[in-house]
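Full structure from sequences and hints, please.
Using my numbering, read the sequence shown as starting at 335 and increasing by one per residue.
Bear in mind the hints are in silico, worked out from the structure with no lab data behind them. There may be inaccurate statements among the hints.
Claimed, not checked - Calculated cross-link-like contacts (lysine to any residue; reagent style SDA-like; alpha-carbon spacing at most 20 angstroms):
| hint | residue 1 | residue 2 |
| --- | --- | --- |
| 1 | Lys389 | Ala359 |
| 2 | Lys389 | Val401 |
| 3 | Lys419 | Phe372 |
| 4 | Lys411 | Asp384 |
| 5 | Lys403 | Met392 |
| 6 | Lys389 | Glu369 |
| 7 | Lys389 | Glu415 |
| 8 | Lys403 | Val393 |
| 9 | Lys403 | His391 |
| 10 | Lys419 | Gly379 |
| 11 | Lys419 | Arg366 |
| 12 | Lys411 | Tyr395 |
| 13 | Lys403 | Asn338 |
| 14 | Lys403 | Ala359 |
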Amino acid sequence: MSYNAMLQAARAITFSRGYRPAGNAQHVSVLRFIEEIFGRNFADGVLVFDRMRRKRHMVVYGKVGFVSKTEANNSVKWAREFVEKIKETLTRDGFL
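Next comes the structure, spelled out in structure tokens:
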């Protein structure tokens, strides 16, 4: 759920800039777009987003019980920070 919040926030900023991910690797496309927008200013957030994307893929398409309780709690914290960063940018750009 934390990853989905991050993904939807990232998609919102992608759409706000006039882009729409296409093809089979839409999650990766959105991640790369976020890297371009924020660059080194938000490198940790992008790294966590990518890590959560990979974990989500494993959980959805394979392994069960792959995420610990601590990791789940940390993902909620990171998702909140990530979404807040996106909201700040969308507000600054006049979309919120």
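Outcome of the hint check:
no., hint, in the structure
1, Lys389 / Ala359, "15 angstroms, holds"
2, Lys389 / Val401, "8 angstroms, holds"
3, Lys419 / Phe372, "10 angstroms, holds"
4, Lys411 / Asp384, "15 angstroms, holds"
5, Lys403 / Met392, "16 angstroms, holds"
6, Lys389 / Glu369, "19 angstroms, holds"
7, Lys389 / Glu415, "19 angstroms, holds"
8, Lys403 / Val393, "14 angstroms, holds"
9, Lys403 / His391, "18 angstroms, holds"
10, Lys419 / Gly379, "9 angstroms, holds"
11, Lys419 / Arg366, "16 angstroms, holds"
12, Lys411 / Tyr395, "24 angstroms, violated"
13, Lys403 / Asn338, "18 angstroms, holds"
14, Lys403 / Ala359, "28 angstroms, violated"
Against the hints set out earlier in the document, violations occur for numbers 12, 14.
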